[in-house]
Structure formats: structure tokens, C-alpha cells
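Chemist: Top to bottom, those sequences are chains A, B and C.
Whatever position you read off the first sequence (first residue = 1), add 15 for this note's numbering.
Whatever position you read off the second sequence (first residue = 1), add 48 for this note's numbering.
Whatever position you read off the third sequence (first residue = 1), add 21 for this note's numbering.
No lab work stands behind these hints: they were computed from the structure.
Among the hints, a few may not be true.
Claimed, not checked - Heads up, simulated BS3-like pairs for lysine-lysine below, C-alpha to C-alpha not over 27 Å straight-line: (1) A:K220 - B:K205; (2) A:K257 - A:K26; (3) A:K62 - A:K79; (4) A:K220 - B:K211; (5) B:K54 - B:K211; (6) A:K205 - A:K386.
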Amino acid sequence: MTEPIARPPKKDPQKVTRPPELPPVQRSRAALAMSAAAARGVFALQKCAACGEIAYPPRDACPKCLSQQLAFEPGADGGEVIAETTIRTSTDLYFRQRMPWRIGTVRLDCGPSVVAHLHGDVTLPSRVRMISKLDKSGNAVLMALPERETENMADDPELRELTASPKFRRVLVTDGRSAVGQAAAAALSKAGASIIFVGIAEPWKPYPGQERLAAIPNVQIMELDLTDTISVRELSGEIGGKTDIIVNTADHVRPGGLLAQGNLVTARDSFDVNVFGLQRLAQAFGPGMRARGADGTNSAAAFVDILPVHALANTPDFGFYSASAAARHSLLQCLRAELRPGGVRVMSVFTGPVEDDWRQHVPPPKVSPGKIAEAVIAALSGGIEESFVGDVARDVAARFLDNPKVLERELGL
Amino acid sequence: MDMADKDATGLLAALATGIRSGGVEAVDLTHTLSPDFPVMVLPPELGQCQPFRIEEVSRYDDRGPGWYWNNISMSEHAGTHFDAPAHWISGRNLPRGTVDELPFEKLIAPAVVLDFSAESRADEDFLLTRGHIEAWEAENGRIEPGCWALFRTDWSKHLGTAKYLNLREDGAHSPGPDASAMEFLVKERDIIGFGTETIGTDCGQGNHMSPPYPAHFILHGNGRYGLQCLAALDRLPARGAIVFAAPLKILHGSGSPLRVFALVPAGTGKE
Amino acid sequence: MAGSGNPRRGYHDVAVAVPVTVPYERYSIQPAHWWIARALKDLTERAGIRPTDLDGLSVSSFTLVPDTAVGLTQHLGLTPRWLDNIPMGGASAVVALRRAARAVEAGDASIVACVGGDANHVDSVRKLLSSFSRFAQDASYPYGYGGPNGSFALLTDHYMRIYGATREDFGKICVAQRANALTYPHAIMKTPLTLEAYLSAREIADPIHLFDCVMPCAGAEAFLVTTADIAKDLGLPHARLLSTIERHNAFPDDPIQMRGGWAMDIDELYAIAGASPDAIDVLETYDDYPVIVMMQFEDLGFCKKGEGPDFVRSHDLTSSGSFPQNTSGGQLSAGQAGAAGGYLGMVEALRQITGQSLSQSVKGARTALVSGFGMINYDRGLCSGAAILQGGGA
Numbered sequence: 016m017t018e019p020i021a022r023p024p025k026k027d028p029q030k031v032t033r034p035p036e037l038p039p040v041q042r043s044r045a046a047l048a049m050s051a052a053a054a055r056g057v058f059a060l061q062k063c064a065a066c067g068e069i070a071y072p073p074r075d076a077c078p079k080c081l082s083q084q085l086a087f088e089p090g091a092d093g094g095e096v097i098a099e100t101t102i103r104t105s106t107d108l109y110f111r112q113r114m115p116w117r118i119g120t121v122r123l124d125c126g127p128s129v130v131a132h133l134h135g136d137v138t139l140p141s142r143v144r145m146i147s148k149l150d151k152s153g154n155a156v157l158m159a160l161p162e163r164e165t166e167n168m169a170d171d172p173e174l175r176e177l178t179a180s181p182k183f184r185r186v187l188v189t190d191g192r193s194a195v196g197q198a199a200a201a202a203l204s205k206a207g208a209s210i211i212f213v214g215i216a217e218p219w220k221p222y223p224g225q226e227r228l229a230a231i232p233n234v235q236i237m238e239l240d241l242t243d244t245i246s247v248r249e250l251s252g253e254i255g256g257k258t259d260i261i262v263n264t265a266d267h268v269r270p271g272g273l274l275a276q277g278n279l280v281t282a283r284d285s286f287d288v289n290v291f292g293l294q295r296l297a298q299a300f301g302p303g304m305r306a307r308g309a310d311g312t313n314s315a316a317a318f319v320d321i322l323p324v325h326a327l328a329n330t331p332d333f334g335f336y337s338a339s340a341a342a343r344h345s346l347l348q349c350l351r352a353e354l355r356p357g358g359v360r361v362m363s364v365f366t367g368p369v370e371d372d373w374r375q376h377v378p379p380p381k382v383s384p385g386k387i388a389e390a391v392i393a394a395l396s397g398g399i400e401e402s403f404v405g406d407v408a409r410d411v412a413a414r415f416l417d418n419p420k421v422l423e424r425e426l427g428l
Numbered sequence: 049m050d051m052a053d054k055d056a057t058g059l060l061a062a063l064a065t066g067i068r069s070g071g072v073e074a075v076d077l078t079h080t081l082s083p084d085f086p087v088m089v090l091p092p093e094l095g096q097c098q099p100f101r102i103e104e105v106s107r108y109d110d111r112g113p114g115w116y117w118n119n120i121s122m123s124e125h126a127g128t129h130f131d132a133p134a135h136w137i138s139g140r141n142l143p144r145g146t147v148d149e150l151p152f153e154k155l156i157a158p159a160v161v162l163d164f165s166a167e168s169r170a171d172e173d174f175l176l177t178r179g180h181i182e183a184w185e186a187e188n189g190r191i192e193p194g195c196w197a198l199f200r201t202d203w204s205k206h207l208g209t210a211k212y213l214n215l216r217e218d219g220a221h222s223p224g225p226d227a228s229a230m231e232f233l234v235k236e237r238d239i240i241g242f243g244t245e246t247i248g249t250d251c252g253q254g255n256h257m258s259p260p261y262p263a264h265f266i267l268h269g270n271g272r273y274g275l276q277c278l279a280a281l282d283r284l285p286a287r288g289a290i291v292f293a294a295p296l297k298i299l300h301g302s303g304s305p306l307r308v309f310a311l312v313p314a315g316t317g318k319e
Numbered sequence: 022m023a024g025s026g027n028p029r030r031g032y033h034d035v036a037v038a039v040p041v042t043v044p045y046e047r048y049s050i051q052p053a054h055w056w057i058a059r060a061l062k063d064l065t066e067r068a069g070i071r072p073t074d075l076d077g078l079s080v081s082s083f084t085l086v087p088d089t090a091v092g093l094t095q096h097l098g099l100t101p102r103w104l105d106n107i108p109m110g111g112a113s114a115v116v117a118l119r120r121a122a123r124a125v126e127a128g129d130a131s132i133v134a135c136v137g138g139d140a141n142h143v144d145s146v147r148k149l150l151s152s153f154s155r156f157a158q159d160a161s162y163p164y165g166y167g168g169p170n171g172s173f174a175l176l177t178d179h180y181m182r183i184y185g186a187t188r189e190d191f192g193k194i195c196v197a198q199r200a201n202a203l204t205y206p207h208a209i210m211k212t213p214l215t216l217e218a219y220l221s222a223r224e225i226a227d228p229i230h231l232f233d234c235v236m237p238c239a240g241a242e243a244f245l246v247t248t249a250d251i252a253k254d255l256g257l258p259h260a261r262l263l264s265t266i267e268r269h270n271a272f273p274d275d276p277i278q279m280r281g282g283w284a285m286d287i288d289e290l291y292a293i294a295g296a297s298p299d300a301i302d303v304l305e306t307y308d309d310y311p312v313i314v315m316m317q318f319e320d321l322g323f324c325k326k327g328e329g330p331d332f333v334r335s336h337d338l339t340s341s342g343s344f345p346q347n348t349s350g351g352q353l354s355a356g357q358a359g360a361a362g363g364y365l366g367m368v369e370a371l372r373q374i375t376g377q378s379l380s381q382s383v384k385g386a387r388t389a390l391v392s393g394f395g396m397i398n399y400d401r402g403l404c405s406g407a408a409i410l411q412g413g414g415a
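Using the sequences provided together with the hints, build the complete structure.
Modeler: Pasting the structure below:
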């Protein structure tokens, strides 16, 4: 069983904050494709379309038949660990900060042997279950877990490096007025976050669920208006030094396409919340988080944004909203690269249409705020960079991966 | 130079002397424009009033080493602001109904201050009626044509708290005039405009009155002006102040934030 | 079967001479060019030739970047008609020798200088590792970044589990090599090593401890390959090349490395040499970690697979012992000067069998087997080679 992590003590003001270092960043292009799969939480290896050989490490030709038709496919994740070592000295700055570090050689059921991180509860020899996760450099790494769940398994220090677990972390939920924000706050509280700061814009306006929100354990209501640069700066001045995770639940949604919605004011409002709001948040909190990426148990860990899946392709009945989502998606890609030096993950939780007042005319299936909150916890706990919540989000994502231009046509019908 | 010119010159000189000596006091009736200043709340599917926003352009830094300045944006109806006749449907066809065209010289005018702060304290939905104004006149004298009628409720003291908008599920709750008061002030007293300390010239529940939003409807339908979110009305005398209320000259503008102030004889303002 | 239609042929009149070692330094500010030039200078002076008499050059170095052997020719003023660059780390000397031998036999070159040398600056190891190979970059370094220590720790752990080798067995190899090193003036390690000290040394990557690891340093090694006639004309003591093998990426389906490429080719090595393991007087193995030494005892035919631990237990591995091995201390005690580490055994063997020993001579040593192994591309060493040389030429 894993030693459960202890609630971190208050920060010693005399100690230098451990600077964030990254594990090795460079990868071949083939290896980046494995990272792309891991970004969605998928354990995938290259499979030769010609002879069926599973190849690892990632490469450009099949080692059995030299075919170049190698595609990453979700693979059988079973294996047997046949050798282990605990590395106690390394020239790499990231690992030096985290010694000792246990790794092993795992003979995969599907063929190749791999060097992998070893969960502390894996004994030798034994059967293991492989996962492929992004490390702090944003690249896929393999880790061998015990075949069966063990106690406090998520607290394993090597595994925790691959996730952004909310346990004992301090989280900012940016918009507590929305049902999604309230569900996220409740889920984070349940998942062991030590504080959940919940942003409320224009506090003079009452909102449904206000009392219930305030009653959630460890919730602190904070004034925050993402459309107001000063408000965001003021909050970051107050809590920026101890915000480990941001969950951006703010979303300005209005129906209407480009022509029907002749109203630039509404379009601007959408961008002000969805795009510039994200920007204000990132600019105010990002640098501080990036500097605190290795600050102990409650280091800065993740910036989660909940955005509509129509960021990937425009749905004309919500034309401007989709456009703001696309801009948001693009900014997240930028932010991902910018926060990476601190080992802070940027996670996109793509949703289908949410069950709310603005989408009463949208036919089901729709996503409940509770499901979105679950996905946020799953993304944080699983270190998943891109997740898709709800049938519509998964459907749009699948079509997008298949052919973005066809998807454009389908959504435009 | 004829006599009238000489008189005017003397008048202005005397005013300047008065201001310099402190005999004439300038009272700022304006709140600070800040991003957290509330704006009118309307159902979300309607067009929304943008609150005041400010973005720093440079501050003696790499964006501009020797200077500091900001870009600002807001609704015409944010902060302490002025409503022109064109703001309301009832005033849409009036000539010179927008802020760029209106006769701004008329906006420098004497003010009467209708102090109903005690009533407003007692009743958040206090409605100012013709009867109230007549009673006020009985005590303070008749309201003269062309002056500003400023409705003192001390509501500005709630700014920064939820009480300022005082929103509940059935909407906002704050004092304002009813139609009889507005008809009386506009038609029988010929005021230039009506000013309040609340977010609008109408009461919080103005939408449920007849006509809806009677202050807006009657004022603007008759080419009169509104001043909202005023501050420091408690520092003005019931009579004797002159209000300067010139909005920004916005092309076809329906209103604008403004720096509104009053000149009063020193010592006459209430505390 | 690869090679069966065109079997290896033996060597005729290939002479290997002038073993040169540029004494190692733990850290040096000098670049690889300096070390290689120094080795070539010693080589030509001791051979009694001018640098321009070298018409063949084979270079191995990790730290010559951005140069290769090509840039060195201009840098050093050489005009060879045959040039080789061998990027095979620990297998470099064996492979350089085989290539040079064929060049000399074919008349493509008359006198080939084979040289391995590397710089070692304070941050060299870190920089070298970070750009070593694509598979290491993608699939090995992101896992604790133990470098070769990590990879060999896994191989050692597995070998110990399967064949029952103990740390004492590996310790015996290291202790014996240290004893040999104490007789070799250029060894970096100058103090005796006891088994107790070996066992209690700090852990590096379990089960690898400090004395299982080589000491990276700067240095160079070199030798000449020419014809027997030229060697005689120059009056150079030399050895005859009897046989060589080379193999890359052997046994790719082994789940973890338990044998090197030697196991594919060893029978031919002995057959061409007309010798058997019994005929080997001196063995110089590639020894970046003791586990690979043990595997070479097996794969080179001195014992069967899995009998390595017993073989070690039943032999004295010092120069005066029953099985003289790594007589200058090997890299474990002499130091690892980058690609020169692949030359260390070759140069030492040449000294031992040509009567030029700097370390304690192995009595009556005439035939030597030199083994090379290199390049942990991902999880295992890919290059292996071996050569049998016989002394007695003068």
C-alpha cells in the first residue's frame, strides 16, 4: 500500500521555492503522436498495418517488415515486470530533485519490452497494468501500475507527477454563478481540495444556489469578474501565490449565427468572457503558477478550461459562441506551451450542449453540470489534457478527428 | 460694451471671486467611474449595458516609457450619467434629442432638491407622488421653470453594497417617482430634467408601473433630461444651487457619463 | 542464414602495432581534437614515421562535434587515401581494426592509424547523454534519466534474478580488475579496492553501486594497422590479426538483454583463428559494468549461458591468476575516456602479447581475445565485436 500523502504544512517563508524543472523535453515526431494519444488518456502503441507487429519505441518503419504504415492504436495494457531499478543519481535536474526514482522493464503482452516508471506498489515479478500519461514536459511516458487497485494508489509520488490531483490543492473556480461552477466546486471539495475559491462577478446580483454554494466545505466566495482586468488582478494579488489549480467555468453563451445576430454587443460580450476573460485569468495567474510548478505537495498543477466542443467546428445555431470557443481553444494551445516550463498542465474539457436556460431549444442529449464536474475531476486525477464530456462532445470529436471538413458540412446542415 | 455685457462681466468676475474666496462652493455630484460600479440589470436575452472597463495602455514602461494612459469603454449609461430624450422611445422623434445636438446651455440651471431621504429609508419602494411635491412646495416654495429637480433619497450611500441595486427575484427595489409626480414636474413646473441617486430615474419596480418607467417615458417624451447615480445631494440646499450637467458630445448619443457638479453658496449645503 | 553463402575469410599478414595510451585525466579543458592529435603524435614518433606517412585514418570520438574524421584531416594536416569514422562506442576498436585490416589487405591503405579519444569537461556527460540516440531520447531518458547506469541496472537486476548472480560475484570482477590497475601506471584509480568496500559503496541505481560504474575521463588510445612486411621494415613489435567478428542489434526479440551479439558469431571467430577458448592467454572484455563482463565470459565461450557466476567464483581474474582478464584494470579501474574506452582493451592486449606491457605481464601471453560492446541505443547494447590477435612478430 502507498503511504498516503500528508496535508502539506504552511509554507516556510524562509525557504526558497523549489524551481520547476522539466523531465527531458525533446521527442521525435513519432513519439509526439504517442503523446497526442496520452493527452486524451489513451495508452496507444504503434501497430504495423502490414504485418500486425507492435513496435516500441516509436519509429518510422516496422522492425519486422519495414512497412511505414505504423499507426498508434489503443493497445492491450497488460504486461509483466521483469526487472527493476531504483535510480539514485542522475545528471538531469528534474530527476535530481525527485530522487530516488523507480523504473522497470516490462514485457508487454502485445510484444515489445518497455522501460517504464514503476508504481511503488508493484512487486517483482508480477503482472502489471500499463498507463500512458503526460509527464511534466507534456510528453507521453509509460507507467506500470499494480494489476489491481491498491490503497492510496493515487498518492504514489511518481504517479502524482503525472496527474494534477486536487487532493490538498487550492483551487480557483472562476464562475460560481453557473450550475457548472457550483457542481465543480462541490466535486473538488469532495475530491479533497483544501480550499476552493469560487469567483462571483457582480456580487450585488443574487443567483440561484447561492446558499448551497457557500455551504460546501472549504469553499470561499471571492469577488471575480473575468471581464474586468482590475478585478482579476486584484484577486490574483490576493490568492495568486497559493492557487494551485484553476478551473475556468466561465462561459458566455448566446444562441444565434453571424447574420441573425446582428448584435456586435452580444458577440463582444461572448469574447469578453470566453476569450479575453481567459486571457485576463492567464495573465494574472499564469506567471505565478508557472513559478510554483514544483512547490511541494500543493504545487501549482493545472489550468482547466471548460469549453464547448464546437471550438473544433462551428455550429451555426451558436455561430458566435462557437467562434469564441475556437479562439479560446487556440489560446489554450498557446497557454499550454507557455505554462509547460513550469510543469503546469493546461487541460481542455470539451463539452456538448449543457443542460441550461440558453439551450432549451437544443435537442438532447445534453450534458448535466454534474457530469462536467466529474470530467474535471477525472482530468485532474488522470492527468488528461483533452477530455470530451457527453455524447455530443465525443461524437463531434470523433468526426473532427476523422475529417474536419466533413464535420463542418455536417454541422452546417 | 453695453450695460448688459458689463453686468455679465461683473457677474462672472463676482462668481470667480466667490469661487476663489470659498463663498461659492463647488459640490461634485459624480461618483468615481470604476469597473465595479453597477449598471442597469435587464433580462439576459436582451442587449446588455456594458459596465465601465479600463485597460492600461502604458505606465512608464516598455509600452510607453514616459507616459501613463488607459483605454476605457462603457455603456453611455454607466456610472453617474445623463439621459437624453432619444434614450427613450417616447422621445425618439424629438428634435435635438441626442447628446451631440441638445441645447447644452440649458443644462446649466438652478436645482431644487426634493429631500425624501427619510421616507426612502423607511420604504425601499418609496414612490414620489404629486402630493409629495406639492407638500414640498408648500414648505420650500414653488419650483421654477427650467430648473433641475433632484430627488434626494440618500441611496448613493448604499453604493458598494447589494442594497444599491437591491435585486431580488422580482427585480430591483429602490425609490422613484410615479407618473403623477413626473406629469406634474414636466407639464406644470416645466423642469429641464430630473435627477436621482439611484441607478435610474425610475424606481426599482418601474417596469410594473403605468406607463412602465414613468420617469423615462414622461421626461424624454417631453424633451427633458435625466441624471442618474448622482452623489452628494445631501450637500445641496433645497434651493439655490446651480447644476452644471453637460454630457460628452457623442455623435447621435443617447446619453453619457459626465462630471456633474453644482455651485452653492458656502454653508447652505446640508450635511 | 545471413553470411552462410559468403563465409568470413581469415586475415593474411595484417600486423597490429604501436599501442599508444595518452594518460587519462578526470577532467580536462582540452577538446577531443587535442587528445586525438596527441595520440597520433605519439603513434608516429614511436613508429618512426612522419604524420604524412599515415595514408589511412580511423577515428572514434563522441566529442568531436561538429567535426568528424573528415574535419580532422585538415585540422591535423593529414592527407589519407582511406578514412573511416566509427561511431560504435565500446565496439569501436574491434570494428576499426577489422575495417583497417581489410583496407591494408586490399592495398587501399598501407599504414592506418586507428584512434579513439574524447574530451571530458565538467558537464560533458550530461550533454553527451542528452543527444545520444533517438530511442534513448524518446523512451529511456524520460524514465529517471539514469543514463547507462539505469539501463545496466535493469540488465543486472534481471541477470541476478535469472542466474543467481550475487553482488559478491560482480564484486570479485571489480576487485580483481582494481588489483590489475594498481600495476598499470596510467590507471585513474590508484588505491586498492576490497570486496567490503565494493559491497558497502553507495547505491547508484540498485543493484548498481558506485564501484560497478566507470569513471568518465578524458584521454585517447591508438594503434597502427599495417602489413607484416611494413611492420618489420619499421622494426615494430607487432601482433598478427587472426580473426574478428562484428554484430549489431542481435537477438532483438529477447525481452531484455541477456546475451550480446557474440553469441551469434563466436564459433566462426574461433574457427577462423584456428583456436579455441583454451588457447586464449589474455582476455580483454568490454567492462562498463561487471554484468556485461560476466555475459562475455558466457557468450565468448569460456562457460555456458548462466554459468557466469560460477565461472567467476572458480577463477582468479588477476593478471597472475588462472584467468587473466582486463589486465590494465579495464575501464572500471583505468577510467573511461569516451570512445577511447572501446580501445583500452585492444591497446592493452597489444602491449601484453608484444612484450611492451606497462601493467603486470601475463606470463607467456601470446594469444589475446579482445571484445567490444557498445551503444545503449535504448534498453540494450547494440554493437558487439571481438578479435583474436597473436603476438610474437618483431
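Chemist: Indicate, hint by hint, whether the structure satisfies it.
Modeler: How the hints compare with the structure:
Pair hint K220 of chain A plus K205 of chain B holds up; C-alpha atoms about 18 Å apart against a cutoff of 27 Å. Annotation: proposed proximity of K257 of chain A to K26 of chain A holds, straight-line Cα distance about 10 Å (limit 27 Å). Under the criterion of a C-alpha separation no larger than 27 Å, the hint pairing K62 of chain A with K79 of chain A is consistent with the structure, at around 11 Å. Taking the CA atoms of K220 of chain A and K211 of chain B, the gap is about 10 Å. The hint holds against a cut of 27 Å.
Our distance criterion of 27 Å between C-alpha atoms is broken by K54 of chain B and K211 of chain B, whose separation comes to about 51 Å. The suggested pairing of K205 of chain A with K386 of chain A holds, with an alpha-carbon distance near 14 Å, which does not exceed 27 Å.
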